Amino acid sequence: MKPAELGVRRAFEVHSHVLNNGMKILLVENPSLPTVSLNASVLTGARYDPESKAGVAIMASRLLDEGTQTRTSFEIADAIESVGGAIEADGSFERVVVSAGVLNKDVPLGLELLADLLMRPIFPQEYVDKEKERTLAEIASAQDRPQVVAGWAFNELVYQDHPLHRPSHGYPETVERIERNDLLDFHEKYFLPNNVVLAVVGDFRVSELLPNIQDTFGSWRARPIVFPTYPEPVRQSGKRKKFIRMPAQQLNIYLGHLGVRRTNPDYYALQVLDTILGGGAGFTARIPQRLRDELGLAYTTFASITMTAGLDPGRFVAFIGTSPENMRLATEGLVNEIRRIREEPVTAQELQDAKDYLTGSFVFSFESSPQIARFLVHADVYGLGFNYVVKYPEYIRSVTIEDISRVARMYLDSENYTLVVVGPVDGAQ
Amino acid sequence: MSSLEIPSTFAMEDVRRTVLDNGLVVLTKEVHTSPIVTAMIWYRVGSRNEELGQTGKSHFLEHMLFKGTERFKKGQIDLITLKNGGGNNAFTSHDFTAYYFNFAADRWDVALEIESDRIINCAFDPEEFEAEKKVVIEELKTGLDSPWGLLLQEQEAAAFKVHPYRNPIVGWLQDVERATVEEQQAYYRRYYHPNNAILVLAGDFETDEVLTKVERAFGSVPAGAPPPPMLLKEPPQRGERRLIVRWRSKVPRLAIAYHAPQIAHVDSYALQVLGVVLSEGKASRFYQRLVEREQSVTFVSAEYGESKDPTLFHIRAEARGDHSIEEIETSIYDELGRIAGGQLNEHELDRAKHQMEAHFILSRERTLDQAILLGQIETLYDLDYIDSYLPRINAVTAADVAAACSRYLNEDSRTVAVLLSDGSEPVEDDESEAG
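Line by line, the protein sequences are chains F and S. Each position in the first sequence, counted from 1, maps to that position plus 214 in the numbering used here. Each position in the second sequence, counted from 1, maps to that position plus 16 in the numbering used here.
To be clear, the hints were calculated from the coordinates, so they are not data collected in a lab. The structure presented is a predicted model; accordingly, all values stated were derived computationally and were not measured. A few of these clues could be false.
Here are the simulated BS3-like pairs of lysine-lysine, each with C-alpha atoms no more than 27 Å apart in a straight line [stated by the list, open to error]: (1) F/Lys-455 x F/Lys-403; (2) S/Lys-298 x F/Lys-346; (3) S/Lys-157 x S/Lys-266; (4) F/Lys-267 x F/Lys-346; (5) S/Lys-177 x S/Lys-157; (6) S/Lys-249 x S/Lys-177; (7) F/Lys-456 x S/Lys-157; (8) S/Lys-266 x F/Lys-456; (9) F/Lys-403 x F/Lys-456; (10) S/Lys-229 x F/Lys-346; (11) S/Lys-266 x F/Lys-267; (12) S/Lys-89 x S/Lys-150; (13) S/Lys-266 x F/Lys-344; (14) F/Lys-455 x S/Lys-157; (15) S/Lys-324 x S/Lys-249; (16) S/Lys-157 x S/Lys-90; (17) F/Lys-238 x F/Lys-605; (18) F/Lys-344 x S/Lys-298; (19) S/Lys-89 x S/Lys-229; (20) F/Lys-319 x S/Lys-266; (21) F/Lys-346 x F/Lys-238; (22) F/Lys-456 x F/Lys-267; (23) F/Lys-319 x F/Lys-238.
Stretch-level coverage of chain S by chain F, calculated; a stretch enters the list once three of its residues show a Cβ under 8 Å from a Cβ in chain F [stated by the list, open to error]: (24) 151-165; (25) 377-387; (26) 438-444.
From the derived model, a few chain F residues whose C-beta atoms are all more than 12 Å from chain S [unchecked claim]: (27) Ser-382; (28) Glu-393; (29) Ser-421; (30) Ile-439; (31) Asn-478; (32) Asp-480; (33) Leu-511; (34) Glu-557; (35) Phe-576.
Cβ coordinates follow ideal geometry from the N, Cα and C atoms, glycine included.
Using the sequences provided together with the hints, build the complete structure.
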């Protein structure tokens with residue numbers, strides 16, 4: 215069978231526009247279903263939260279649909295749900311996203327609500343109080359999940375003073391400190407048309423939609439933005455370890471260190487490396503093959519450095535969930551595989567298989583309108599270019615065995631790493 | 017009442033149902049929007065078919081089907097998927113076991129070769145069986161480390177006394193630990209036959225050409241003896257059942273389950289509407305009352321899902337702050353009482369119907385989602401269900417919802433499970449080496 219030569223066949227013409235106020239508009243007509251997916255991304259997030267008020271960005275995002283100058287919380291929900299649509303506002307370290315899915319006939323309503331949430335939220339005091347309580351309750355609930363607790367502890371040790379050391383929703387004590395004014399300031403500072411990318415994908419005509427977008431967002435005034443700065447995170451030297459005792463069936467083990475940015479030129483070589491080491495289809499990668507298939511240590515085990523790559527460096531993470539008696543075997547197993555890929559070249563077959571997998575499965579990222587809308591924002595934020603769908607297979611195919619050895623030695627470390635273990639550590643061996 | 021304006025875009029006229037001589041049901045649906053084909057095979061076997069002391073067999077079998085045949089050795093199925101840039105996975109439920117491949121349209125035939133081989137030639141190497149048993153046990157333990165996983169498992173075991181829906185799909189640990197390769201193999205022989213399977217193909221292909229390929233791949237697989245019927249029926253519940261699960265969490269969680277009918281039952285449509293009215297979206301009843309007004313929960317959900325045999329209508333909530341489970345329960349029962357008493361208004365009903373209609377359309381964009389819909393409905397009931405679904409939902413009246421609410425969601429048929437703290441606290445130890 216000949217290797218994957220699959221392009222993304224579906225007509226994928228991106229109409230790109232910039233409104234006079236600087237707002238970026240990316241449109242793709244996709245009439246395969248009578249639906250439209252809208253994604254408005256504000257280029258800010260928890261990475262800019264002040265340490266003492268960590269959680270501002272996420273709380274502000276989640277309050278966008280709880281009241282605007284023209285609609286109450288209930289009116290927003292009722293308006294969208296009555297036409298069978300959905301609108302959602304949420305944030306991450308680097309983005310605040312308001313997204314909506316509607317039937318084609320309801321695009322004007324979708325746009326209007328999107329504009330209302332982005333331009334005119336009022337963060338009612340009553341809802342600020344509720345959201346604080348709710349966030350605190352959700353943090354308490356998340357403490358019940360060993361994998362979440364392990365992930366949080368891992369980030370603290372890996373990022374140290376860098377903003378990504380904290381959970382994006384903040385800590386209970388910083389959430390307590392957030393006031394309505396902090397949310398209004400956050401909105402005032404970052405929610406500007408020159409800081410927004412709007413992607414719309416689905417069953418519409420550009421010639422009809424674009425004037426509508428212009429009318430809806432044209433009056434929004436641009437202003438310069440000053441983004442906070444913070445120091446680069448530093449790769450650790452030496453080992454950092456943390457054990458958290460929790461009565462549970464399994465240990466959740468995170469092992470790794472600081473990773474790379476999405477814009478790193480070695481990103482594609484690292485994607486191939488991830489596929490060989492800890493990802494790929496089924497249990498073909500080295501870590502799942504060895505630790506799951508051969509040794510039966512786990513149901514879930516994987517490793518990746520590209521998965522978390524963003525505007526800030528992500529993390530290289532190797533994970534395994536295993537019974538306490540397997541701790542040593544599992545941890546050594548992970549370290550051995552990291553060491554092996556650094557020290558020994560991968561085989562030509564492994565390289566070819568990984569490339570065939572990545573280029574062949576690329577098409578599955580573009581099956582639905584919401585996926586395409588997310589891709590458009592992604593491509594814009596990381597400067598990938600809209601010919602990325604054509605370029606991607608070339609990037610992957612150019613990776614060599616030497617590249618894999620080089621990037622493994624440069625970006626992975628089997629000596630200087632962070633290890634976090636959460637679970638019944640007393641019974642661990 | 018406004019009517020649903022959008023024609024169903026899940027065009028059933030594109031679906032062809034063919035039955036091979038050996039009994040294999042083949043469902044094909046051409047979808048030409050992306051150069052992708054999803055190939056699925058569904059077996060009419062799940063945890064509902066398992067005997068006492070042998071729970072978890074259907075799920076374990078699903079794992080074994082990736083461990084090789086004479087032709088495709090261990091690891092080959094995943095390797096072929098990798099080399100062809102595809103994806104594969106499988107899932108087991110109470111009612112069925114399903115396997116899928118996603119491939120580019122120019123190379124998907126290999127899925128037919130794999131499925132037509134492992135339907136009859138699964139190897140059951142004893143060493144592989146023991147190795148995989150460890151993996152299954154780790155999976156089972158992952159479930160027990162989740163508060164909802166544990167609570168729902170305990171709840172189902174209490175709500176059903178006789179019907180095998182009382183058993184976890186992954187099985188009871190003690191049963192999985194003692195499982196033998198011989199029993200597993202016998203189970204496979206009993207249920208894995210073309211006449212107990214449904215092949216679903218959705219994607220970018222020509223149907224006639226594909227049916228020839230299917231006949232070539234599966235035509236020679238012999239039909240098996242019809243699998244034994246599952247005859248167990250749950251006796252009626254005669255009063256509330258209540259249980260407490262102690263766990264390491266400080267956050268109390270509440271799960272209420274009511275006995276409810278199977279798929280396509282005349283009342284099942286009203287119960288689906290009821291689930292949406294109660295908890296779908298921020299305008300829904302439970303959200304407005306418990307999250308917004310009383311602020312007693314971080315989330316609340318109400319759900320009725322389609323299943324082969326009579327099932328459960330689930331309500332779940334997570335307590336917030338100092339609010340007690342009793343207080344949350346009282347509000348839930350009060351809201352149910354209002355609906356049973358006829359207080360559902362037309363606007364709420366319309367909103368729920370529009371949400372269901374849009375969901376039906378919005379959630380079928382990928383070929384995999386379409387194949388899952390077809391396979392699931394053919395396995396559970398009959399494909400006609402798909403075409404009649406939206407009209408039947410549309411025909412539900414406020415009186416139907418009230419009647420269903422009062423008939424099924426009543427005190428005597430509920431099982432209330434509460435997760436409460438066992439008093440334990442996590443302890444942290446740090447260790448570091450300066451470099």
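Status of each hint after checking the structure:
1. F/Lys-455 x F/Lys-403: With a Cα-Cα distance of about 39 Å, the restraint between F/Lys-455 and F/Lys-403 is violated, given a limit of 27 Å.
2. S/Lys-298 x F/Lys-346: Status holds; Cα separation ~18 Å.
3. S/Lys-157 x S/Lys-266: 21 Å, holds
4. F/Lys-267 x F/Lys-346: Roughly 12 Å between the alpha carbons, so the hint for F/Lys-267 and F/Lys-346 holds.
5. S/Lys-177 x S/Lys-157: Satisfied, since the Cα-Cα distance of roughly 24 Å is no more than 27 Å.
6. S/Lys-249 x S/Lys-177: 10 Å, holds
7. F/Lys-456 x S/Lys-157: It holds: about 22 Å lies between the C-alpha atoms, which stays within 27 Å.
8. S/Lys-266 x F/Lys-456: Holds, because 23 Å separates the two Cα atoms, which is no more than 27 Å.
9. F/Lys-403 x F/Lys-456: It is violated: about 38 Å lies between the C-alpha atoms, which goes past 27 Å.
10. S/Lys-229 x F/Lys-346: 59 Å, violated
11. S/Lys-266 x F/Lys-267: Status holds; Cα separation ~25 Å.
12. S/Lys-89 x S/Lys-150: 20 Å, holds
13. S/Lys-266 x F/Lys-344: The hint holds at about 20 Å.
14. F/Lys-455 x S/Lys-157: Status holds; Cα separation ~24 Å.
15. S/Lys-324 x S/Lys-249: 12 Å, holds
16. S/Lys-157 x S/Lys-90: 25 Å, holds
17. F/Lys-238 x F/Lys-605: 23 Å, holds
18. F/Lys-344 x S/Lys-298: 14 Å, holds
19. S/Lys-89 x S/Lys-229: 23 Å, holds
20. F/Lys-319 x S/Lys-266: 47 Å, violated
21. F/Lys-346 x F/Lys-238: 33 Å, violated
22. F/Lys-456 x F/Lys-267: 26 Å, holds
23. F/Lys-319 x F/Lys-238: 24 Å, holds
24. 151-165: holds (count 11)
25. 377-387: n = 6 at 8 Å, threshold three: holds.
26. 438-444: This one holds; 5 residues, not fewer than the three required, reach chain F with a Cβ under 8 Å.
27. Ser-382: The assertion about F/Ser-382 holds, with a minimum of 17 Å to chain S.
28. Glu-393: The claim stands: F/Glu-393 keeps its Cβ more than 12 Å from every Cβ of chain S (closest is about 19 Å).
29. Ser-421: 22 Å, holds
30. Ile-439: Correct as stated: the minimum Cβ-Cβ distance to chain S is 31 Å, above 12 Å.
31. Asn-478: 24 Å, holds
32. Asp-480: Since the minimum Cβ distance to chain S is about 22 Å, F/Asp-480 lies beyond 12 Å and the statement holds.
33. Leu-511: 7 Å, violated
34. Glu-557: 20 Å, holds
35. Phe-576: The assertion about F/Phe-576 is violated, with a minimum of 8 Å to chain S.
In the structure shown, a violation is registered for the earlier hints numbered 1, 9, 10, 20, 21, 33 and 35, in ascending order.
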